[in-house]
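**Q** Here's the letter readout for the chains.
2 protein chains.
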Amino acid sequence: MSKSGSISASVIKRLPRYYRFLGELKKQGVERISSRELSERMKLTASQIRQDLNCFGGFGQQGYGYHVDSLHNEIGKILGVDRNFETILIGAGNLGKAIALHINFETRGCHLTGIFDVNPKLTGQRVGDIAIMHTDEIEKFCHEHSPVVAVLCIPKANTQEIADKLVSLGVKAFWNFSHYDLSIDYEGIIVENVHLGDSLLTLTYGANIVISENEDN
Amino acid sequence: MSKSGSISASVIKRLPRYYRFLGELKKQGVERISSRELSERMKLTASQIRQDLNCFGGFGQQGYGYHVDSLHNEIGKILGVDRNFETILIGAGNLGKAIALHINFETRGCHLTGIFDVNPKLTGQRVGDIAIMHTDEIEKFCHEHSPVVAVLCIPKANTQEIADKLVSLGVKAFWNFSHYDLSIDYEGIIVENVHLGDSLLTLTYGANIVISENEDN
Chain A
1288 MSKSGSISAS
1298 VIKRLPRYYR
1308 FLGELKKQGV
1318 ERISSRELSE
1328 RMKLTASQIR
1338 QDLNCFGGFG
1348 QQGYGYHVDS
1358 LHNEIGKILG
1368 VDRNFETILI
1378 GAGNLGKAIA
1388 LHINFETRGC
1398 HLTGIFDVNP
1408 KLTGQRVGDI
1418 AIMHTDEIEK
1428 FCHEHSPVVA
1438 VLCIPKANTQ
1448 EIADKLVSLG
1458 VKAFWNFSHY
1468 DLSIDYEGII
1478 VENVHLGDSL
1488 LTLTYGANIV
1498 ISENEDN
Chain B
1288 MSKSGSISAS
1298 VIKRLPRYYR
1308 FLGELKKQGV
1318 ERISSRELSE
1328 RMKLTASQIR
1338 QDLNCFGGFG
1348 QQGYGYHVDS
1358 LHNEIGKILG
1368 VDRNFETILI
1378 GAGNLGKAIA
1388 LHINFETRGC
1398 HLTGIFDVNP
1408 KLTGQRVGDI
1418 AIMHTDEIEK
1428 FCHEHSPVVA
1438 VLCIPKANTQ
1448 EIADKLVSLG
1458 VKAFWNFSHY
1468 DLSIDYEGII
1478 VENVHLGDSL
1488 LTLTYGANIV
1498 ISENEDN
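Protein chains in written order, with this note's numbering: chain A, 1288 to 1504; chain B, 1288 to 1504.
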């Protein structure tokens, strides 16, 4: 991991997108692609792509381009798609259920095995293959299964408390959908905050600019 | 809008977060806050905050700090939270329903009035207050309601086609949850791609680094 450990944060942010595009090309049966072609599809400059992909070993060859399959595999390895991290989801409301059903965890290095909710009425209800457990069961489950990743789809007020508990139970990575910026004061703990509300506001800002310009004309 | 039109993209990306934090402070009854305090809560440097907030007029006063309520209102105005943009959602699967029910559109400048799905079995089913319509009704609905914002929760294969159609019907902004980077070749059209899968992969990458370091030790 020493090589990937030195990759800059901005390159890392683009890696999942490279992985996704290369996966598409693979599906379409494309064997090789030049940085120019890839740049057109991904709306990045060719030199940006060459620079990014050079960060983890020069996979491209002059006049030959990138070998789609091996580049896809190599990026997948760096991302950890083969890790099969045991994953739990807390909060089986509308959003939690949708995330559990909509996201393919397996192709992204995670294996969802436990879903928890504080509402006893939900206990035993199935979300896909998994029966919802009461949050009281989390501790026991963690001792038995040692999950690495936790998906938080719970109200803001409970997020920090639950996260603290899960850290003490060995969870290393949080995919956080609550409207709360999880504090990342824990050493060696990874947090990916997903603020859908912030994303919508960014869109509203853009729409507001566009519409205001139209109104001015 | 001339002032906000010149704000850099990186500042704009942080605006919804400022808006969220200031909203919290307001709820907690905080009237004033210094850039230092705000920086501690938001995990940004105080000078970053001063620089950001100076972009849209020096709201802070030396030795007094920021007036939470007026700064919140001002940022809200810039974001367009009072615009009440007519909004439609296409694709009433698990994710579409969860977005419709989970996101407070109203506080973010949008007003969700139509939900559409291609599956005739869903027609008439209610998601909150709204009865699902068949996608065949989109054109008529757009002529009558002129929606500005469209939320796309549809499979990748249909996304570009539906987006093209909606652009021709006057939609200006897309909140795109499909696993497809909507092409933004349309002039004056705003796209916010939400790739939940990419977000999970970023988390997996981080977890992989942390776990590998632990394994090495």
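No lab work stands behind these hints: they were computed from the structure. Bear in mind that the values here come from a model prediction, so they are computed numbers and not experimental data. One or more of the hints may lead you astray.
For identical chains, the list gives no copy identity; a pair is met inside one copy or between any two copies.
Claimed, not checked - Pairs of lysine to aspartate or glutamate, EDC-like flavour, derived with a Cα cap of 16 Å:
no. : residue 1 : residue 2
1   : Lys1452   : Glu1361
2   : Lys1330   : Asp1369
3   : Lys1330   : Asp1423
4   : Lys1443   : Glu1311
5   : Lys1427   : Glu1502
6   : Lys1300   : Glu1318
7   : Lys1314   : Glu1373
8   : Lys1364   : Glu1393
9   : Lys1364   : Glu1327
10  : Lys1443   : Glu1393
11  : Lys1314   : Asp1416
12  : Lys1313   : Glu1474
13  : Lys1300   : Glu1448
14  : Lys1330   : Glu1361
15  : Lys1313   : Asp1451
**Q** 16 Å Cα cut-off: does Lys1313 pair with Asp1451 within a copy, between copies, both or neither?
**A** For Lys1313 and Asp1451, neither the intra-copy (41 Å) nor the inter-copy (26 Å) Cα distance is at most 16 Å.
**Q** Please work out whether the CA atoms of Lys1330 and Asp1369 approach to 16 Å or closer within one copy, between two copies, in both situations, or in neither?
**A** neither (28 Å within a copy, 33 Å between copies)
**Q** I want to check one pair: Lys1452 and Glu1361. Are their C-alpha atoms no more than 16 Å apart within a copy, between two copies, both, or neither?
**A** For Lys1452 and Glu1361, the Cα distance exceeds 16 Å both inside one copy (35 Å) and across copies (38 Å).
**Q** Go through the copies and call it for Lys1330 and Asp1423: within, between, both or neither, with a Cα cutoff of 16 Å.
**A** neither (48 Å within a copy, 32 Å between copies)
**Q** Give the relationship of Lys1300 and Glu1448 under a CA distance limit of 16 Å: within one copy only, between copies only, both, or neither.
**A** Close neither inside one copy (28 Å) nor across copies (28 Å); limit 16 Å.
**Q** I want to check one pair: Lys1314 and Glu1373. Are their C-alpha atoms no more than 16 Å apart within a copy, between two copies, both, or neither?
**A** neither (27 Å within a copy, 38 Å between copies)
**Q** Checking Lys1364 and Glu1393: alpha-carbon separation at most 16 Å within a copy, between copies, both or neither?
**A** within (14 Å within a copy, 42 Å between copies)
**Q** As a check of your reading, is Lys1300 near Glu1318 (CA-CA no more than 16 Å) within one copy, between copies, both or neither?
**A** neither (25 Å within a copy, 37 Å between copies)
**Q** As a check of your reading, is Lys1427 near Glu1502 (CA-CA no more than 16 Å) within one copy, between copies, both or neither?
**A** neither (60 Å within a copy, 24 Å between copies)
**Q** Checking Lys1330 and Glu1361: alpha-carbon separation at most 16 Å within a copy, between copies, both or neither?
**A** neither (22 Å within a copy, 34 Å between copies)
**Q** Using 16 Å as the alpha-carbon threshold, which applies to Lys1443 and Glu1393: within, between, both, or neither?
**A** neither (27 Å within a copy, 19 Å between copies)
**Q** Given a CA cutoff of 16 Å, do Lys1364 and Glu1327 count as a within-copy pair, a between-copy pair, both, or neither?
**A** neither (25 Å within a copy, 36 Å between copies)
Figure legend: structure checked against the earlier numbered hints; hints not met, in rising order: 1, 2, 3, 5, 6, 7, 9, 10, 11, 12, 13, 14 and 15.
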